[in-house]
Every structure is written in C-alpha cells, then in structure tokens.
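Participant: Listed here are the chains, written in short residue letters.
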Amino acid sequence: MKFDAIRLFPLLLVLLPLLPDTALATQAHGDPEGLFVHQFAHAYFAISLAIFIYWLRFRNLIEETGWRYIQYAAFFLILWNVDAAIAHLLDEQIKIIEVERIGNWHIKITSTDNTVFTIVLYYLVKLDHLLCVPALVFLSAGLKQFLKAPLPSAPEPDNQEEQQP
Amino acid sequence: MIVSNVPIRVVDFGGSILMIVFSFLCLNTIRRLKSKDPDDVMWEYLLWICLGLAIFAISRSVGHILKQIVQLFGDDSLWEAIRPFSGGINTIMFVVVASVMLFFERIWIFYRRVHKGKQALQSAHNELIYLNQNLEQLVAARTDELVQSEHKYRRIFEISKDMILVSDADGRILEVNPAGYQMLGIDPEHDSLNGKELDTFFAQPSAWRRIMDDLNRQGFVSSEETDLLLADDKTRRILVSASLNEGSSPQDHTFHFLVKDIEQQRLHQEQMAQTDKLASIGQLSSGVAHEINNPLGIIQGYTQLLMRNTTNASAQYKDLKIIEKHVKHCKSIVENLLNFARPSETSKSLVLLGEMITEQVEFVQHHADMSKIKITTDFDPDVPPILMDEKKIRQVLMNLIMNAKHAIDDQGIIRLATSYNPHTRKAVIRITDTGHGIEKKNVSRIFDPFFTTKPPGEGTGLGLSVSYGIVKSHGGYISVRSTPGRGATFTVVLPVKP
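Protein sequence lines, in the order shown, are assigned to chains W and D. So that you can map any letter, position 108 of the first sequence is 108 in this note's numbering, and since no number is skipped, the others follow by simple counting. So that you can map any letter, position 142 of the second sequence is 142 in this note's numbering, and since no number is skipped, the others follow by simple counting.
So that you can see chain W by itself, here it is in the shape it has in the complex (with noise of 0.2 Å):
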C-alpha cells in the first residue's frame, strides 16, 4: 500500500492538541517587547508624518495658509517623536540614565557614561510638551484657516490630481 502523506495531514492536525508542549503554547510577550512596540509605533508615526508633509508639499497644498499650518504640526509632531523615541532609549531602553526624587522639587540624575552631555540631554528631552503643543496649536490654526477660506480653493495644477512621484 503506498503512504499518502496528505490524507494523514488532517488526521495529525486532530492529533495536535493532545500532545501539547512548551515549543507549541501560545508566545509570551514580556517586559521589553511594549517598549519596543512603542518605539516603533514612534517611528511608524514619525514616517507616516514625513510621508503626509510630502504629499502636502507635491501637490502644492502647502501654498494655502490652512495646509501651510497643518504641515508645521506634522514637522513638530515629528520632532515630538524623535524627542520622546530619545527620551524612552535614555531611561528604559539602554537604561543609560537614572533619576532618583530629592524632595518634591529636585531630582537627581544620574548617567552611566558619566557624561554632562546624555544627563543634558534627557532633561531636554522630558521637556517634550514644548513640541507636541505647538504641534496642536498649528493643526487648531490650520483648521480654523479652512472655516476662512474652505478647500476648494486649495491651488493645485489640474493635471497634477493623477500624478504619481
């Protein structure tokens, strides 16, 4: 009798869950892959920002002043990015800074590499309300462009709507 491999595939999927084993349980997701999650989905957000202002820019969005102001919210939404993807590497990642509270109103912060650099640095960078803010500030402003002045009158090259880069 010849052996048929494909008919004993189904018979060995029945078969599968009643030999369980470490190798076959579902994966574990431990303490530094929500980190790593989050810092990608900085970076995805940073790239999605770039790729937005792109299109902005191609199709000559950027002349009206609604979308001129939408664009600088993405460029400090994406300085946002770069700070708090710098400021989650310093403190959690590398783990190459440490802050330990001295009372309510001073901390102390130390750097492994002893450098005043990496401890200026991150203070900066935890600083990163100064970027998201007026990342806001912009999109209200650019929005409240369009109440004045609505989109159709966006400047735009007819023959530029199909254009591909």
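It is worth saying that the hints were derived from the structure and are not from the lab. Backbone N, C-alpha and C define an ideal beta-carbon position, used for all residues, glycine too. Some clues are possibly wrong.
[Claimed, not checked] DSSO-like cross-link-like pairs, simulated, lysine-lysine; straight-line CA separation at most 27 Å: (1) D:LYS234 x D:LYS440; (2) D:LYS260 x D:LYS161; (3) D:LYS118 x D:LYS34; (4) D:LYS440 x W:LYS144; (5) W:LYS144 x D:LYS36; (6) D:LYS36 x W:LYS148; (7) W:LYS148 x D:LYS118; (8) D:LYS472 x D:LYS277; (9) D:LYS325 x D:LYS440; (10) D:LYS118 x D:LYS36; (11) D:LYS374 x D:LYS405; (12) D:LYS372 x D:LYS348; (13) D:LYS196 x D:LYS260; (14) D:LYS348 x D:LYS497; (15) W:LYS148 x D:LYS34; (16) D:LYS116 x W:LYS148; (17) D:LYS260 x W:LYS144; (18) D:LYS260 x D:LYS391; (19) D:LYS405 x D:LYS472; (20) W:LYS144 x D:LYS118.
[To be verified] To give an idea of the chain D side of the interface with chain W (calculated C-beta under 10 Å), a few residues: (21) ILE2; (22) SER4; (23) VAL6; (24) ILE8; (25) GLY14; (26) PHE22; (27) LEU25; (28) ILE30; (29) LEU33; (30) LEU53; (31) HIS64; (32) TRP208; (33) THR460.
Fit chain D to the given chain W structure using the hints.
Facilitator: Below, chain D without anything else, positioned relative to chain W:
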C-alpha cells in the same frame, strides 16, 4: 547631577492641559467644518486624525497630570497601576493616527474628483436655472441673430453681380442667385434652374470634368477659366471658383460655386491685342510705303516724260501706258497703306450722321447691283452733328456697305443704324448684314492689311485696314461681332466733341 524638576513638572502639567484644550479645539473646528458640508470626505479624514489625537491627548495628558499629582503626594503606586493602560492607549492612538495619515494622497485624489464632479454638477445646475429663467429671451436673441445673419448672407447672395450657385454631390443645381439666372440668360419666373445638371451649362465637357475632379480630390477649385453655355447657345467667358462643403456622408456633400463673368474683360483684352497688332503693322506699312512711294513717283514721272516724246499710235507708247497704269495701281495701294497707318491731313467739318449715311446708301444703290438686297436704316434723331472728315468717313461707310453686300451671296438685308450715348458722348454706327458671317479664326485678322477672304484679284485686303485707320484718326474705334452663317455687325464708334 541634582537639578530642579520644576520646569519639567510645569511643562508636563501645563502642556498636558493645553494638549487637551487644543485637541478639543481641533475637534470643535472640524465639527463646524463638517456641519458646513457633512459629505466632504476631507473633513471626514481630518476628523479621524483629530479624534485620534484627542483620544491620545486625553489618555496621555490625564495620565501625566495624575502622575504629577500622585508624585507630589509621594505615592507612585497609583501611577504605576495606570501607566500601562495610558501607555497602551497612547501607542494605539498614534498608530491609528499614523495609519490614517498614510491615506492622505488617496483621500485627496478622491476629494478632488468628487469636488470636480460637484463643481460640474453645480455649473450645469446653474446653467439650467439660467436657461430656465431666460430661455425665452435667449431664444429670441438667438433667433434675431440668426435672422440678421441670414438676411446679411441672403443679401450678399441676392445682390451679388457674380453667379453664386450651390449644387449637390452629383452636380445637380440646388440654388442659384439672380445674377446666375441673368448670366445664363434665363428668366427665373418662367424657368427654374433647380434640379438641372450644372454640366449642361459648360461649353466644354472636359472643363466640367476637370473642375469636378479637382473638387473631389482637393476640395476646391480656384479661378478656373472656361466658357459658359448660355440659354441662346452663345458662350460667355467665365472664371469659376468652387469649394466642397462636406456633409455627414459623401452623398450629403454640396459644392459652392462662384462664377465671374469675364467676357467683357476678355473682349477688351482682345481689342487691346488687336490694337497693338494693328499699330505695329501700321508702323511697318508706313515705313515700307514711304520708301516705295518715292521710286514709284520717279518711275511715273519718267514714264510720262517718255510718253510725251512718243507718238500715240506707236507700240512704245502702248507699253509706256501699261507701265503708267500699273505704277498708278501701285501708288493707289501705297496711298491706302499710308491712310491705314498714318492718315493724311484731314479737313473736318460738322456733319449730320443720318443725312450722310442716307446719301451714301443712295449712292451705293445707284452705282452697285443691289437689286436683291434690302437696305434698312434706323437713325437716332438725338445724334448731334459730328466734327469729321466727311470724305473719309464716307469711304469707311462705302467699305463697310460693300463688304456687307459681298457677304450676302444672293439676297439679304443690310441694316444701318445710329445711336447716341449722351453720357459717354459717343455716336455709334451699326452696319449689320445677313450674310455668311465671319469665321471665328478670321475675326481677329480682318483689320490686318492685305487680309482678304475674297478670291485672288477681287480685293486688295486694304478696305477694312484703311477704314480702321480712318476711324482711329477720328478718335473712335471700329469692331465686329459675327456668328458664322448668321451675318456680321460692324460697329463704328465716333466721339462727339462739343
């Protein structure tokens, strides 16, 4: 390094609040934009971005505010409990916002297409409303324009002095203007040209075929010279221009013809050529005649001298007489040549044309055999006395009447008529006969010296040349029109000087 964390706390706390405030401001603005145009896909797109950023702002900002508060109270455990949730939501939300942002290009193209469609629809809608409201006035205005245009072009068609004709693709006449009827000699009230074949009006079938070939090949014909066959079988020189007007199918093609009558122009050109030719011949004849006249005078003189010394009965005298006779004949011819080329001194006086012609007719009837020929006269009483050399004009009349007599073989009619045009101040004498006419090839040569159709010995061929020279010396001109087999008409035009 110990540093103040106040800037961090202030920026973190204040920034968190501002994040919430501005994210909600964005949401509110986009809500207002959407309320203006709920179906606008771009507002929908921006709403998703703003919504994602608002949720992100709330999640993150609330977390950070709580963090600041609980840390101030020295209890980090609550923050540690909240942080994974806040961080998770933050991550998800800016991934969502990033994903939405990646679709901007597609959304924008879609938005533009929809917008263009809307614009076209709105434009059509506005146009329809406008047409609906102003249809009557627009139709009236357009009708008025059409009427004016039709009137303008109809007027050009009607009053044109050239023939304007429209035919179908097979050359059947569809429409002809009044000038066309007039040119062809057809009365439009009695006979319509519509539906007739245009080629039947071309004297040369080859010309018609050539015109049609050109029209079908290149779509137009420009100033093609040919002859038009008139209703009375006469021909008329014309210039034909035509163009093809393309219809939806070859059978719907029409041809538009513009026919210009150049008969008068052609006659004038022929007359000019004839005048030039006769002037050249006259110059030549004059030179030759002058050179021959002197030797002839010497020959005649010496002959007569010899005759005086010779008895009349002698044979020598008879020979000298023959010499004298032929010398006189030669001198007569030379004199005629000189009259043709360089008329001699004239003695002019005021003469009544009618009276002079009547006398001349009577003279001819008495001295020539005119028994079977009827001579009729029709004189215009308004012809004033004309200053002329009566003797020479009588010679002209004699030549023309005798030519008419010879043209009538057996019996026929010679008509003499005069007329006067006070505008041009010219008197006209017409001598028409019912003889055999002049062949077309001879018409241009009949005023040439020594040209004759008579048998040898019956005419010198100088009669019409001399007549031409005499009339020309009076400031007039002489012309002929003849149809072979149906007689000829000589027209002498003389100026009436005040």
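Participant: All hints, please: hold or fail.
Facilitator: Going down the list of hints, with the structure as the test:
1. Between D:LYS234 and D:LYS440 the alpha-carbon distance is near 13 Å, which keeps this suggested pair within the 27 Å criterion.
2. At most 27 Å may separate the alpha-carbon atoms for a hinted pair to count; D:LYS260 and D:LYS161 meet this at roughly 8 Å.
3. Simply put, D:LYS118 and D:LYS34 have alpha-carbon atoms about 17 Å apart, close enough for the 27 Å limit, and the pair holds.
4. Between D:LYS440 and W:LYS144 the CA atoms are separated by roughly 98 Å; this puts the pair beyond 27 Å, and the hint is violated.
5. Distance check on the hinted pair: W:LYS144 and D:LYS36 sit about 13 Å apart at the alpha-carbon level, within 27 Å; holds.
6. Between D:LYS36 and W:LYS148 the alpha-carbon distance is near 12 Å, which keeps this suggested pair within the 27 Å criterion.
7. Restraint check for W:LYS148 and D:LYS118: the C-alpha separation of about 20 Å stays at or below 27 Å, so the hint holds.
8. Using a Cα cut-off of 27 Å, the hinted pair D:LYS472 and D:LYS277 holds, with the two alpha carbons roughly 14 Å apart.
9. Straight-line distance between C-alpha atoms of D:LYS325 and D:LYS440 comes to about 38 Å, which puts the hinted pair past the 27 Å bound.
10. Using a Cα cut-off of 27 Å, the hinted pair D:LYS118 and D:LYS36 holds, with the two alpha carbons roughly 15 Å apart.
11. With a C-alpha separation of about 10 Å, the suggested pair D:LYS374 and D:LYS405 falls inside the 27 Å cut-off, and the hint holds.
12. A distance of roughly 35 Å separates the Cα atoms of D:LYS372 and D:LYS348; the hinted pair therefore is violated under the 27 Å criterion.
13. Simply put, D:LYS196 and D:LYS260 have alpha-carbon atoms about 20 Å apart, close enough for the 27 Å limit, and the pair holds.
14. As the CA atoms of D:LYS348 and D:LYS497 are separated by approximately 12 Å, the hinted pair is consistent with the 27 Å bound.
15. Only pairs whose Cα atoms come within 27 Å are accepted, and W:LYS148 paired with D:LYS34 is accepted, the gap being roughly 14 Å.
16. Proposed proximity of D:LYS116 and W:LYS148 is supported: the alpha carbons are some 21 Å apart, at most 27 Å.
17. Annotation: proposed proximity of D:LYS260 to W:LYS144 is violated, straight-line Cα distance about 75 Å (limit 27 Å).
18. Only pairs whose Cα atoms come within 27 Å are accepted, and D:LYS260 paired with D:LYS391 is rejected, the gap being roughly 44 Å.
19. The suggested pairing of D:LYS405 with D:LYS472 holds, with an alpha-carbon distance near 24 Å, which does not exceed 27 Å.
20. Taking the CA atoms of W:LYS144 and D:LYS118, the gap is about 23 Å. The hint holds against a cut of 27 Å.
21. Interface hint at D:ILE2: satisfied, since its Cβ lies 5 Å from the closest Cβ of chain W, which is below the 10 Å cut-off.
22. Using the Cβ-Cβ criterion of 10 Å, the hint placing D:SER4 at the interface with chain W is satisfied: the shortest such distance is roughly 6 Å.
23. With its C-beta approaching chain W no nearer than about 6 Å, D:VAL6 sits inside the 10 Å limit, and its interface hint holds.
24. At about 5 Å, the closest approach between the beta carbon of D:ILE8 and any beta carbon in chain W falls short of 10 Å, and the interface hint on this residue holds.
25. Hint status for D:GLY14: holds, given a least beta-carbon distance of 7 Å to chain W, under 10 Å.
26. With a least beta-carbon distance of about 4 Å to chain W, the hint placing D:PHE22 at the interface is held under the 10 Å criterion.
27. A hinted interface residue such as D:LEU25 counts as satisfied when its beta carbon comes closer than 10 Å to some beta carbon of chain W; here the least separation is about 5 Å, so the hint holds.
28. At about 6 Å, the closest approach between the beta carbon of D:ILE30 and any beta carbon in chain W falls short of 10 Å, and the interface hint on this residue holds.
29. Annotation: D:LEU33 was flagged as interfacial toward chain W, and the flag holds, the nearest CB pair being 6 Å apart, inside 10 Å.
30. The interface hint given for D:LEU53 is met, as the beta carbon of that residue sits about 7 Å from the closest beta carbon of chain W, less than 10 Å.
31. Using the Cβ-Cβ criterion of 10 Å, the hint placing D:HIS64 at the interface with chain W is satisfied: the shortest such distance is roughly 8 Å.
32. Contact between D:TRP208 and chain W, as hinted, is not supported at the beta carbon level, the nearest pair being about 53 Å apart and thus beyond 10 Å.
33. A cut of 10 Å between beta carbons decides the hint on D:THR460: the least distance to chain W is about 91 Å, and the hint is violated.
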